[in-house]
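Just so you know, the protein sequences line up as chains A and B, in that order. The numbers in UniProt numbering rise by one with no breaks, and the one at position 198 of the first sequence is 198. The numbers in UniProt numbering rise by one with no breaks, and the one at position 122 of the second sequence is 122.
Because the hints were derived from the structure by calculation, they are not lab data. Check each hint, because a few of them may be wrong.
Claimed, not checked - Using 30 Å as the maximum straight-line C-alpha spacing, the simulated DSSO-like pairs for lysine-lysine come out as follows: (1) B/224 x B/254; (2) B/39 x A/292; (3) A/14 x B/348; (4) B/389 x B/400; (5) B/157 x A/43; (6) A/256 x A/191; (7) A/351 x B/48; (8) B/189 x B/234; (9) A/43 x B/39; (10) A/301 x B/58; (11) B/389 x A/351; (12) B/63 x A/256; (13) B/48 x A/87; (14) B/156 x B/48; (15) B/83 x A/486; (16) B/348 x B/156; (17) B/189 x B/83; (18) A/256 x B/35; (19) B/234 x A/256; (20) A/306 x B/157; (21) A/87 x A/165; (22) B/199 x A/165; (23) A/306 x B/199; (24) B/348 x A/87; (25) A/191 x B/83; (26) A/435 x B/199; (27) B/35 x A/306; (28) B/389 x A/301; (29) B/157 x B/199; (30) A/301 x A/191; (31) B/83 x B/433.
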Amino acid sequence: MLNENQSLIFELSKEGRVGYSLPEIDVPDFDLAELLPEGYVRKEAAELPEVSELDIMRHYTALSRRNHGVDSGFYPLGSCTMKYNPKINENVARLSGFANIHPLQDESTVQGAMELLYELQTSLVEITGMDEVTLQPAAGAHGEWTALMMIRAFHEANGEGHRNKVIVPDSAHGTNPASAAVAGFETITVKSNEDGLVDLDDLRRVVGEDTAALMLTNPNTLGLFEENILEMAEIIHSVGGKVYYDGANLNAVMSKARPGDMGFDCVHLNLHKTFTGPHGGGGPGSGPVGVKADLIPFLPKPVLVKNEDGSFHFDYNRPQSIGRVKPYYGNFGINVRAYTYIRSMGPDGLKAVTEYAVLNANYMMRRLEPYFDLPYNRHCKHEFVLSGRRQKKLGVRTLDIAKRLLDFGYHPPTIYFPLNVEEGMMIEPTETESKETLDAFCDVMIQIAKETEENPTIVQEAPHTTVVSRLDETRAARSPVLRYTKVEA
Amino acid sequence: MAHRYLPMTETDQKEMLETIGVQSVDELFSDIPEKVRFKGLYNIPEAKSESALLKELKALASKNSDTDSHVSFLGAGIYNHYKPIIVDHVISRSEFYTAYTPYQPEISQGELQAIFEFQTMIAELTGMDLANSSMYDGGTSLAEAGMLAAGHTRRKKILVSDCIHPEYRDVVATYAYGQSIEVVTVPSKDGVTDIEALKSLLDDQTAAVLVQYPNFFGQVEDIKTIGELTHDAKGLFIVSSNPLALGVLTPPGKLGADIVTGDAQPFGIPESFGGPYCGYFATTTKLMRKVPGRLVGETVDHEGRRGYVLTLQAREQHIRREKATSNICSNQALLALAASVAMTALGKQGVQEMAKQNIVKTRFAKNAFEAAGFVVPFQGAHFNEIVVKTNKPVSEINNKLLEKGIIGGFDLGRVYPELVNHALIAVTELRSKEEIETLVAEMGAYNA
């Protein structure tokens, strides 16, 4: 049954069927032509499906069975921190007092929501070592851009609007240079050295009086801790630049090292990663930004403030603010889940999270090291990057290995990233997976390494057990079909 | 430590350390320089048990006045609508909500197909050729449309109607500053965009004109005329629309829009104190390759079976990197799913019926206010919203309404200085005749 084509909802439609129950109309009816200007009454109805409630439930249940989530199985997708999404979070976010309140209600009627946001901000200040946090950005990339806009405003306020260069390592997340571009900066790439860390000499070479900021992930996308972080911060600060922390990898260092103590001036976090979002199939996220004191005046408006009497209000009187980055106050529902998670873990729990995440990653790395190339052989943090170049010589690409993993019920690692590793496989197990799960996955990886030597075809032609085999992506891009169009019978 | 989310046991830990070849977990952190090492524990509250935490958070939630216990006439972009119960059942399927972006299409066909269906429904409602997989929200989606227009036309000025949601305009201004684009506000007249003023502002530097339809005051703008004027000046015409209203309004795609954006919140998404919502972005085939965010396309597998993939990835920020005009990476997939389920449940008939109910009920409220002696300054068509002039500060009236369990309208004086003592009253299909009459009576009593 799973292998059958799943019809589009439009193909299940039959004229006259309904799936809704609207309120009874209890006011006088009008002809829309009387109420709307001429030419503004829709003539052709939008072709939405006509199906019953059971049709809908069966359709989406069938779709869900054609989808792999963390609850379906192991999901070691590097840099994405696919940890377990606690169920209490879902219940709390759906409490009527959180789900059914309007963002523009009088502040006196939403003090509970504001208290939760304030407490979350306070916890994130402590976790990052920053001085203030805004919860407004919707996602990681949105947070990156928000922080860069603040850095730009800071330099302009100091009469240094000429600072237009943002330095990004060659191993950076792809969003870093894109965020810099849309904040009005040019990007300069700094090279990695042979240990996989930022090359300090190259950093010294690229900085100058036009440096606005350095964007850095620590640990970096290879899962390696930038040991020279204080020197790097010093190099940037000495020329008047700011140091920005991409918090995508915070799961690696909680209770071990705080961005604020490493010399960073601002940080974005991905609450949908480290703080159990969930990922939702690609969103929604939440990307709070933390800053040191000298950037506080530039935070987006409004800023949530605690009054002397213990109540809360939104402060709009921020003359140096970069303005609004999003309507209202951010993705509240995701922030509620993150807060619930932090309160479920407590200080001991968050420390254990990082320790176990790092232990799991190192364990897997050592188990797989004999079978795959390990370009940077040292303790990793929460993730590590293998290279499939040994297998490539036998005709099996990393893409093939990823597809073969699907046959065993696993989501593959992040592949071909970071860009500075040939045939890269970036593996992040997270702390919520058991040793049994890690072992079973490693056993399969080892089996695939052996298949590559003995029977490469089975890997090259994978997957064999999924509802569809490899899809023709070239065709999809060459003549794009982005919507259903009814075929007249 | 033992915790229900952490399966590590002491035995596991011992075996794993042996395999790694270290004595302790601490050794794995030896690369963190002593000077930056955090010692001890975070100063945050101690962990709570599941039941104790739930109790505490329920108490916190109950401090808020929600629309279960209150009757709400507050809209201003976010509305208290009928949410088919089935929506939450579908989005609670954890195969959907615990998945990541569908980068591995063979095991993500469910999500990909659901998004493909979402794209189709949005394209249908807006009358556009295509729609993307969603954006953060209506405000950032509108801002991205403005940035696309500036990049596409290589012009550096966008004209923004004063009748667009004020918070959306704020977001547009922030984005525009980042890309050095000038934003000029087009003034309003009688609650709609002032077309004469627009004519005098349009010039050969205008990248785009941005309007809202229906606008922030609930008025139906003459987008046909505005679109023609925009195109005469060779700018792009961008319309921000409540997609529910498009159930009965002529879609912007039929009236010359180049890009239609908005928020699908009216379709099954709770108010949730400001988010997450579901921005949408619809456009023409001509602009397809410039669309920000993700797109799902149909294709076939090796055996010729129909399937879906993320496509036109070359546009995406992670490839274009420093040449990007947008940096959006995630989308609002789960909310796009929610909106899809709601649009499916409503279907072809229901979306028209629900849209009409909103118009008819808003008209009933308008007549009731006028009959009670209130001035409703903006005449014409109304969707969801009417502006009501009051004799007393709106905040005072709203405080009185709260005592009666009513959440009053938005205080327009907060953002429009010329509209002090004007309330923006939102009426949806959920407001009964009796509730509307009670609102008018209570406001009348305090307004005297």
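Against the structure, the hints come out as follows:
1. A hinted pair counts as satisfied when its Cα atoms are at most 30 Å apart, and residue 224 of chain B with residue 254 of chain B qualifies at roughly 9 Å.
2. Distance restraint check for residue 39 of chain B and residue 292 of chain A: the Cα-Cα separation of roughly 20 Å lies within the 30 Å cut-off, and the hinted pair is therefore satisfied.
3. Under the criterion of a C-alpha separation no larger than 30 Å, the hint pairing residue 14 of chain A with residue 348 of chain B is consistent with the structure, at around 10 Å.
4. Annotation: proposed proximity of residue 389 of chain B to residue 400 of chain B holds, straight-line Cα distance about 17 Å (limit 30 Å).
5. In summary, the hint linking residue 157 of chain B to residue 43 of chain A is not supported, as the alpha carbons are separated by about 35 Å, beyond the 30 Å threshold.
6. Proximity of residue 256 of chain A to residue 191 of chain A is assessed by CA-CA distance (about 26 Å); at most 30 Å being required, the pair is judged to hold.
7. The suggested pairing of residue 351 of chain A with residue 48 of chain B holds, with an alpha-carbon distance near 16 Å, which does not exceed 30 Å.
8. A distance of roughly 25 Å separates the Cα atoms of residue 189 of chain B and residue 234 of chain B; the hinted pair therefore holds under the 30 Å criterion.
9. Our distance criterion of 30 Å between C-alpha atoms is broken by residue 43 of chain A and residue 39 of chain B, whose separation comes to about 68 Å.
10. Restraint check for residue 301 of chain A and residue 58 of chain B: the C-alpha separation of about 29 Å stays at or below 30 Å, so the hint holds.
11. For the suggested pair residue 389 of chain B and residue 351 of chain A, the alpha carbons sit about 57 Å apart, so the restraint of at most 30 Å is broken.
12. A hinted pair counts as satisfied when its Cα atoms are at most 30 Å apart, and residue 63 of chain B with residue 256 of chain A does not qualify at roughly 36 Å.
13. Between residue 48 of chain B and residue 87 of chain A, the direct Cα distance comes to roughly 15 Å. Compliance with the 30 Å bound is thereby established for this hinted pair.
14. For the hint linking residue 156 of chain B to residue 48 of chain B, the alpha-carbon distance of about 54 Å lies beyond 30 Å, and the restraint is violated.
15. At roughly 28 Å between alpha-carbon atoms, residue 83 of chain B and residue 486 of chain A fall within 30 Å of each other, so this suggested pair holds.
16. Between residue 348 of chain B and residue 156 of chain B the CA atoms are separated by roughly 40 Å; this puts the pair beyond 30 Å, and the hint is violated.
17. Of the pairs offered as hints, the one joining residue 189 of chain B and residue 83 of chain B is violated, with about 35 Å between alpha carbons and a cut-off of 30 Å exceeded.
18. Annotation: proposed proximity of residue 256 of chain A to residue 35 of chain B holds, straight-line Cα distance about 11 Å (limit 30 Å).
19. This hinted pair does not check out: residue 234 of chain B and residue 256 of chain A have alpha carbons roughly 56 Å apart, beyond 30 Å.
20. Between residue 306 of chain A and residue 157 of chain B the alpha-carbon distance is near 39 Å, which puts this suggested pair outside the 30 Å criterion.
21. With a C-alpha separation of about 44 Å, the suggested pair residue 87 of chain A and residue 165 of chain A falls outside the 30 Å cut-off, and the hint is violated.
22. Pair hint residue 199 of chain B plus residue 165 of chain A does not hold up; C-alpha atoms about 39 Å apart against a cutoff of 30 Å.
23. Taken as a hint, the residue 306 of chain A and residue 199 of chain B pair is broken in the structure, with Cα atoms around 47 Å apart against an allowance of 30 Å.
24. The straight-line distance between the Cα atoms of residue 348 of chain B and residue 87 of chain A is roughly 35 Å, outside the 30 Å bound, and the hint therefore fails.
25. Only pairs whose Cα atoms come within 30 Å are accepted, and residue 191 of chain A paired with residue 83 of chain B is rejected, the gap being roughly 52 Å.
26. With a CA separation close to 69 Å, the supplied pair residue 435 of chain A and residue 199 of chain B exceeds the 30 Å bound.
27. The hinted pair formed by residue 35 of chain B and residue 306 of chain A fails the criterion: a straight-line CA distance of about 33 Å is larger than 30 Å.
28. This hinted pair checks out: residue 389 of chain B and residue 301 of chain A have alpha carbons roughly 29 Å apart, not beyond 30 Å.
29. Distance check on the hinted pair: residue 157 of chain B and residue 199 of chain B sit about 15 Å apart at the alpha-carbon level, within 30 Å; holds.
30. A hinted pair counts as satisfied when its Cα atoms are at most 30 Å apart, and residue 301 of chain A with residue 191 of chain A does not qualify at roughly 36 Å.
31. In summary, the hint linking residue 83 of chain B to residue 433 of chain B is supported, as the alpha carbons are separated by about 20 Å, within the 30 Å threshold.
Going down the numbered hints, you'll see the structure goes against 5, 9, 11, 12, 14, 16, 17, 19, 20, 21, 22, 23, 24, 25, 26, 27, 30, while the others check out.
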